[in-house]
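*Asks:* So you can see what is in the structure, the chains are spelled out below.
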Amino acid sequence: MNPAELEILRTGFAFIPEEMGVALKRSAYSPNIKERMDASCALFDEAGRMVSQAEHIPVHLGSMPAAVDAVLRDFPGTLREGDQVILNDPYRGGTHLPDVTLVRPVFVRTELVGFTANRAHHADIGGIAPGSMPADAVHLEEEGIVLEPQKFLDRGEERRSILDRFREETLNPVERLGDLRAQVAANELGARRLAEFADKWGVTRLRSHIGELLDYAERRMRSAIQTLPRGTWAAEDYLESAGSRDSQKIRIRAEVTIGGSGLTVDFQGTDRQVRGNVNAPFAVTLSATYYVVRCVTDPDAPRNAGAYRPVRVLAEEGLLVRPRSPAAVAAGNVETSQRIVDVLFLALSEPLADRVPAQSQGTMNNLTIGAVDRVPFSYYETIAGGEGALPFRRGMSGVHTHMTNTRNTPIEALELAMPLRVEEYRLIPGSGGAGRFAGGDGVRRSVRFLGRAGTASILSERRSLRPRGLKGGEDGRPGRNRLVRKGRRKTLPAKVTLPLRRDDLLIIETPGGGGWGRPRAPQR
Amino acid sequence: MDVGVDVGGTFTDFVGFRGREVVTAKVPSTPDPSRAVVDGMRELGAGDMAHGTTVATNAILQRKGARTVFVTTAGFEDLLVIGRQDRPNLYDFHVTRASPPVDSEMCLGADERVDARGRPLRPLTEREARRIAREVRSRKAESVAICLLFSFMRPSHERILRDALGDLPVSMSHEVLPEFREYERASTTVLDAYLKPLVGRYLTELRAAIRKDFFVMKSGGGVAVHSAVARRPVDLVLSGPAGGVAAGAALSRGSHSRNFVTFDMGGTSADFSALPKGEPTWTTDAVIDTFPIAIPVIDIESVGAGGGSLAWIDPGGALRVGPESAGATPGPMAYGAGGSQVTVTDADLVGGSLGPSLLGGRLPLDRSLSTKGIEALASTLHLSRDEAILGVQRVVEASMAKAMRLVLARRGLDPRDFALLAFGGAGPMHACALAQQLGVRTVLVPFLPGAFSAYGILISPIRAEYGRSVLRPLERAETVIESAIEEFRDRAISVLRTQGHDVGRAQFESSVDLRFKGQSYEINVPIRGDLRRAFHRAHRLRYGYASRSEAIEVVAARLVVRMPRPFRRPRAPLHRGSRPRSRRVLFDDGWHDVPVHERSRLGVGSEIDGPAIVAEDHATTVVPPGAHLTVDRLGLLEVEVPR
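Protein chains in written order, with the numbering used here: chain A, 9 to 532; chain B, 30 to 672.
Don't read these hints as lab results, they were simulated from the structure.
Predicted model, so just to flag it, every value in this text is computed and none were measured.
Derived list of chain A stretches under chain B, where covered just means 3 residues or more per stretch with a C-beta under 8 Å from a C-beta of chain B:
# : segment
1 : 26 to 37
2 : 225 to 236
3 : 304 to 312
4 : 395 to 404
5 : 417 to 429
6 : 432 to 444
Ideal placement from N, C-alpha and C gives every residue a C-beta, glycine not left out.
All chains, full assembly: derive it from the sequences and hints.
*Replies:* As structure tokens, this is what we get:
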């Protein structure tokens with residue numbers, strides 16, 4: 009294939025998931041998808057190899073293929089036109105329960121030519137706390153409805169049993185069903201586009217084109233890896249806790265080997281899975297690894313299966329980064345993923361000193377507030393913090409880093425819809441570590457609860473272990489969670505689920521990023 | 030004579046009518062853009078003017094606006110830095126946020142708070158207003174933006190602050206954009222304040238130079254008198270491509286009320302906008318340099334693909350084109366001004382699509398330089414020369430195809446149901462090949478394709494938009510909506526009267542933004558008949574269903590006022606019998622000897638089979654083999670493209 013045809017093909021395949029994302033955002037019902045864009049879409053070939061992806065947050069980067077693998081395994085040759093499979097089980101293709109994935113097979117006449125898939129974070133999926141991110145869950149079932157791969161659409165018909173589960177077990181079923189239907193429609197659109205390609209070229213040429221595109225991505229990745237120094241480097245870092253009643257540090261260790269045109273990451277030496285929700289399903293571990301590799305090599309390489317052929321990830325089952333069912337996992341996706349990134353960058357900070365950042369805030373500061381009161385509601389937000397400084401610039405302040413990039417809920421939108429009031433939302437000056445380039449500053453967001461009785465959950469990290477500076481840069485300031493009740497302040501643990509009373513004020517302070525390079529001596 | 034004037038980066042275009050005779054001029058743009066405008070007006074002996082300008086856009090991109098202070102509710106001073114807390118690129122650490130036009134030390138917090146129902150939780154005192162005024166002055170502000178939380182529910186706090194600021198230029202968020210979502214409202218208000226002194230100066234000086242009031246093109250389509258725009262310069266920011274869309278919409282008043290997408294391809298970028306059934310489309314999600322402008326503007330998708338776009342090879346060995354451009358200097362290799370990388374124009378020249386000169390002969394092109402570049406590119410890619418030419422053309426078309434799909438996808442529309450209306454210097458040359466990639470059947474090339482935007486500016490109606498957040502249940506909103514619309518209408522009428530217009534000819538369109546309670550996005554529904562039923566219908570169209578039992582909420586009331594201005598079309602040319610020259614042109618299936626027709630000699634009803642070229646002063650239409658061209662009764666070229 010000539011270099012121009014290749015580029016036209018790349019653009020064409022890349023646009024299918026992108027258009028699916030536009031459709032999903034356009035027709036979705038919840039702020040979580042429309043405002044925060046906590047969703048991703050992807051296209052696969054008939055063997056489950058990812059062809060292209062439009063992810064809005066990196067944590068979805070490497071985790072979508074597991075969903076299609078699970079569907080191929082559970083429905084060998086039994087899917088038909090008009091079917092769509094739903095799943096969220098982290099041990100069978102999912103990541104954590106709020107992330108609901110829909111997979112649609114695409115047929116040309118009766119021949120399977122590929123799959124379209126999309127994943128969206130639902131603001132509530134049942135379980136023991138509103139918002140489905142309970143701090144102290146140890147068992148998956150406590151975190152919400154578990155959907156092993158099953159047909160949501162059977163020959164175009166919605167299955168009642170699944171709709172009923174959403175109606176009975178989630179807080180805002182109208183919003184849930186609106187989002188699910190938007191997800192179905194996005195897959196339909198992608199399927200139509202892939203079928204058009206198959207019509208244009210015929211199935212045989214479609215397959216060979218996909219093969220070429222994967223090879224191209226592999227070539228780009230390998231040529232980038234080839235320019236890196238060869239060798240093996242290791243690093244470790246810690247999660248602070250597995251839950252609110254626990255303050256045992258949990259170790260993550262990784263060894264990165266760059267050799268020739270390939271790269272291997274081995275998580276040997278990482279702690280075993282824990283009683284708590286910080287276990288990271290292997291799909292999440294893959295996402296974090298792919299993210300780091302992409303950042304230090306070729307950020308624009310196509311996101312497909314070919315690009316990851318040069319990358320090997322080794323982790324034994326039963327580790328924190330590859331847990332066994334039925335361990336709880338809600339924070340694995342949002343917190344542990346960030347720490348895996350920290351460890352991998354730390355390992356690469358020596359050979360790739362010209363491009364590796366100091367540690368960023370290293371948490372997503374997940375805050376969920378809900379009530380099953382007169383007017384039930386659920387609110388989910390992840391709060392920005394400081395970015396680690398780079399060897400060539402300061403870290404950004406009040407920004408989402410690494411594995412997420414979801415937007416905030418506008419304060420006015422929030423207060424119009426829910427019994428909440430935001431009293432402060434500003435940067436914390438000086439919270440970023442000093443350095444030749446300073447780390448970005450963290451944020452203080454204070455939210456007052458105005459309802460009668462509610463529940464809040466906080467899942468956060470870096471409340472005691474600071475984001476580290478690099479090459480002599482200073483550490484960032486850790487975050488802090490506080491509750492003000494009737495004028496009395498109380499510091500809360502990094503992970504906590506607590507009942508809220510009227511006028512309670514939650515003050516979340518997020519960590520600053522680490523600085524890079526020794527700070528210059530103060531001028532006299 | 031009225032003229033439409035479009036000030037571009039390289040050239041300033043003029044279009045006017047003497048009777049039904051079109052008069053055009055193209056003069057080089059000047060560093061002080063008004064010089065070129067005044068010169069051109071004098072050259073044509075023109076009187077009245079409608080003006081499109083990028084002065085506001087450039088001021089933002091180059092950070093040349095006023096020293097601006099931003100005042101918001103205390104506790105939220107960092108609103109502009111944090112924005113929506115996202116970063117612009119997921120994986121590339123070299124891409125960082127654009128710095129806001131207002132530095133952190135210029136952001137002030139006022140001690141006050143209004144709640145979501147408009148109640149003052151902490152009233153703003155006169156004393157606090159005086160403190161803020163002192164702080165503003167000590168920062169030597171030239172302009173002030175005020176955006177307080179929930180000011181659209183209770184504007185009095187913003188007004189108290191304005192009153193304390195004396196005669197400094199002030200933009201208040203409840204006036205600029207009285208709608209919820211504080212960051213988008215703040216960003217829009219800040220840009221307005223940032224531009225006010227500079228745009229005011231520019232328009233006043235231009236007014237003095239031409240000694241007459243004039244109209245200015247706005248981002249939402251339509252024009253407004255210059256003094257109104259000076260008070261609300263944010264309306265100007267994305268007006269650049271709006272002229273072409275306005276011209277397209279005007280055509281649809283003829284027999285062209287069909288689905289089409291405007292395709293304006295120039296030297297550095299291509300702009301697309303969808304006009305389903307010939308009606309323009311708007312968005313409130315526009316951004317400039319990552320800063321939201323949440324007022325309704327024409328929905329345009331822009332891509333860095335133009336005649337000057339550079340060809341390059343990526344690390345995986347694929348041929349890429351753009352978004353980097355050779356610009357006006359050094360320009361394409363063919364300009365002979367030192368350009369050393371192949372551009373789309375070079376490929377077009379060597380492939381024969383483009384004739385031996387640009388600008389009606391004033392800019393000769395050097396084919397041998399382009400050929401050298403193409404041959405070097407071909408040998409690096411292990412391609413033949415012809416494959417390299419076609420490769421550059423098809424790759425730039427692929428990136429444009431994506432932009433066109435995107436502008437349609439946002440509305441759930443399909444390219445195959447649309448025609449392409451191609452204009453701009455390079456549009457008609459690439460339109461048919463682009464159409465083939467998209468499955469589009471019809472390409473339309475309007476009259477004056479090289480100055481179509483200026484024509485659009487000339488004939489655009491006067492337009493004003495009014496809007497306000499309402500936020501209450503539909504069944505309790507009737508009187509609020511009525512009184513808001515009534516007030517908007519009164520304001521509009523008094524403005525039109527003071528400008529001396531015949532109010533009887535004004536067109537009013539009132540609408541409301543509705544949603545199910547609890548939903549976070551709204552649907553705009555015209556006020557006509559049963560609102561509830563209209564909303565259910567629109568909701569079903571977008572979401573596939575609509576619940577009858579759920580409560581509906583009114584989010585905002587809106588009024589658009591349009592005042593038509595004189596509308597003319599150039600006379601369609603009489604058939605004068607074309608005596609085409611001939612040129613070798615490369616198509617997908619190889620080289621063809623192709624007749625080159627003069628457009629001015631193709632009368633209404635002329636028919637030509639491809640391959641063919643239609644040449645005119647500032648544009649070239651390429652008709653591929655198998656395509657069929659007819660000249661319709663308005664003088665538009667209509668090309669049926671084979672599948």
